[in-house]
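Asker: All chains should be modelled from the sequences, with the hints used to inform the complete structure.
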Amino acid sequence: MGAFDFLMQGLATAADPMLLFYALIGVTLGTAVGVLPGIGPALTVALLLPVTYRLDPAGSLIMFAGIYYGGMYGGSTTSILLNTPGESASIITALEGNKMARKGRGGPALATAAIGSFIAGLIATLLLAFLAPTIVKLALVFGPREYFALMVLAFVTVSAAFGDSALRGLTSLFLGLALACVGIDQLTGQARLSFGQAELLDGIEVTTMAVAMFAVGEALFIAGQRDQHDDEVTAVKGSVWMSRSDWARSWKPWLRGTVIGFPIGAMPAGGAEIGTFLSYATEKKLSKHPEEFGQGAIEGVAGPEAANNASAAGTLVPLLTLGLPTSATAAIMLAGFQQFGLQPGPLLFATNPTLVWGLIASLLIANAMLLVLNLPLIGLWVKLLTVPKPWLYAGILLFATLGTIGANPSSVELGMLLGFGVLGYVMRLYGYPIAPIVVGLILGPMAEQQLRRALSISQGDWSYLLHSPIAATLLGIAALALIVPLILRARGKGQVLAQLAGDED
Amino acid sequence: MSDLQPQTKRRPDGAALVIAAGLAVIAGVMLWDSARLADLGGYSGVGPASVPRVVAGGLLGLAGWTVLAALRGDFPERPPQRVAPVLWIVAGLAVQLLLLHVAGFSIATGILFACTAFAFGKRNLAMTLPIGIAFAFVVWVVFSQLLMLHLPPGPLEHLFFPGG
Chain E
1 MGAFDFLMQG
11 LATAADPMLL
21 FYALIGVTLG
31 TAVGVLPGIG
41 PALTVALLLP
51 VTYRLDPAGS
61 LIMFAGIYYG
71 GMYGGSTTSI
81 LLNTPGESAS
91 IITALEGNKM
101 ARKGRGGPAL
111 ATAAIGSFIA
121 GLIATLLLAF
131 LAPTIVKLAL
141 VFGPREYFAL
151 MVLAFVTVSA
161 AFGDSALRGL
171 TSLFLGLALA
181 CVGIDQLTGQ
191 ARLSFGQAEL
201 LDGIEVTTMA
211 VAMFAVGEAL
221 FIAGQRDQHD
231 DEVTAVKGSV
241 WMSRSDWARS
251 WKPWLRGTVI
261 GFPIGAMPAG
271 GAEIGTFLSY
281 ATEKKLSKHP
291 EEFGQGAIEG
301 VAGPEAANNA
311 SAAGTLVPLL
321 TLGLPTSATA
331 AIMLAGFQQF
341 GLQPGPLLFA
351 TNPTLVWGLI
361 ASLLIANAML
371 LVLNLPLIGL
381 WVKLLTVPKP
391 WLYAGILLFA
401 TLGTIGANPS
411 SVELGMLLGF
421 GVLGYVMRLY
431 GYPIAPIVVG
441 LILGPMAEQQ
451 LRRALSISQG
461 DWSYLLHSPI
471 AATLLGIAAL
481 ALIVPLILRA
491 RGKGQVLAQL
501 AGDED
Chain R
1001 MSDLQPQTKR
1011 RPDGAALVIA
1021 AGLAVIAGVM
1031 LWDSARLADL
1041 GGYSGVGPAS
1051 VPRVVAGGLL
1061 GLAGWTVLAA
1071 LRGDFPERPP
1081 QRVAPVLWIV
1091 AGLAVQLLLL
1101 HVAGFSIATG
1111 ILFACTAFAF
1121 GKRNLAMTLP
1131 IGIAFAFVVW
1141 VVFSQLLMLH
1151 LPPGPLEHLF
1161 FPGG
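If you read the protein sequences in the order shown, they are chains E and R.
Going by the working numbering, the final residue of the first sequence carries number 505, and the count climbs one at a time with no gaps.
Going by the working numbering, the final residue of the second sequence carries number 1164, and the count climbs one at a time with no gaps.
Keep in mind that a hint or two might mislead.
Claimed, not checked - Listed next, the stretches of chain E that the computed footprint assigns to chain R, with coverage defined by at least 3 CB atoms under 8 Å from CB atoms of chain R: (1) 181-190; (2) 214-221; (3) 368-379; (4) 391-400; (5) 409-422; (6) 440-452.
Stated by the list, open to error - Here are some of the chain E residues that sit facing chain R, going by a computed Cβ distance under 7 Å: (7) Thr171; (8) Leu193; (9) Leu429; (10) Gly460.
For the record, the hints were derived by calculation from the structure and aren't laboratory data.
Predicted model only: the values in this text are computed from it and were never measured.
Cβ atoms here follow ideal geometry from the backbone N, Cα and C, with glycine treated the same way.
Answerer: This is how it looks when you write it as structure tokens:
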């Protein structure tokens, strides 16, 4: 059977009323949290993980994917109307979108963002469906050394390649790797770094860590800021419909954004924001109205919004086919799979095709739902923007602790939530990125296991790692991704990299 | 966050030196812990203690690098912070942690809610505390009774659900 047949079967699975309902909950929640300033999709999925312990795996995963897509849609609304991006992938949208809103063109800006997101999501999800079987075939020849090399590459790109400082990215990564060592060693059963605490034997919960970093750390950071003014929401005036010239100026940026965003999401190269920067630069160069950029050019909204949705779909390629998360949200979704005893990767396509293809097909459905949710119902979401900060953050912390208590009502777990929350605050304060520590914690044990398996096969011969051309190439790229940015920064060309900072989503 | 503009100041950065010391301490703890593990490397030569040692080595290196960066003043300028609101939230979390098993989910979490609202400028505890406790109680009912999550009950929960 080809990808097309699988996709049709998947659509049949996803059309189950219960699963449709989960998808609807997912996209609604996702849009809501995307709209709310301060919480991104990574946090929402982390908060929901404990709540879904007792739900059906397929439904929960479909819901998580819906949150991811919905968060990408909702973020654009905040950027355009509030000039405060709800998630890092929407920073660029704020540049042009907010200018458009201030000129009374908020409606068309929201429309081009929503339709662009829909088209990009549609194309990128289809690409995911047709690429996945090929990558799965490739991945089946991967042994431990290839997986190890792939993970090293992911470590380097997430921590050191982008962002304004390799030092702070690597420090964050190594803190994550250190935390990953806590607990029982998978191969020999010895307790490491557990200091006699029974709770630590199972290791540090990824969800506790993620919730602490994203919810508690962020709340502390915002609370500590000096100027506590509430940002002004620009009202949507006039029609949300786009004029003929808006369409003419939008459709090419949509397609170009998709082409740029998808591969960047699919490569183990960090979050969705990089694609949005590249798309913005491209549109600025190709535009017939370059003078409008910075004053509210519709191309500057259409392209980056398409790019960020395309890379969200792209991120699912390595996650589903290789089990490799390349962004914080993907890392948390991986934890979601593991919660149900499922390990994403080539084997999952063989052992549980109904689940995988149902998930992919439901992304298509979720995407269509989002278009409906975001265009006619936009007024509803705008109301969410006016929730005052005290209630918003009090509610966020209530649900953050609810998730942790629900998963494990122990004082040690809550103590860790508090401790990591303070750590997250300090890291934000000193400009340390958050994604590497989360990715380090979740990928660390997997990388260690693959390395030790590979070395068992070679009986301790390290050169075995380089004897496979695939592994050698991957490690070579990883070395380049570490060294080239260091040289660029040393020569004072770090500005571009700092702009590509991989932030939390 | 990434939009901080580094203001190059040519004087050692005290806070960065503290971070470097913290990294070195973590590395030390990892090395100490790995020393007591029996290194059952087996065929691979890589045992349970190897990876913690490599990570500890990396942390030591990064601590050194942080010291260099601190001496050269490479660390970005910190946004000015107010301490009181941060402490209010930390205190709220700590109180919730201590009271959770004594007073139950609703009361402990209601206090956290009120403390957080206080930190963000809603100073009227006589209003926020009851709102917080009521809201937390509704959440408790939904999640523990409908979604079967185990959330510690206290006097308030027992009053309304004597069985649970």
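Asker: Hint compliance check: list the failing hint numbers for this structure, sorted ascending.
Answerer: Those not satisfied come down to hint 3.
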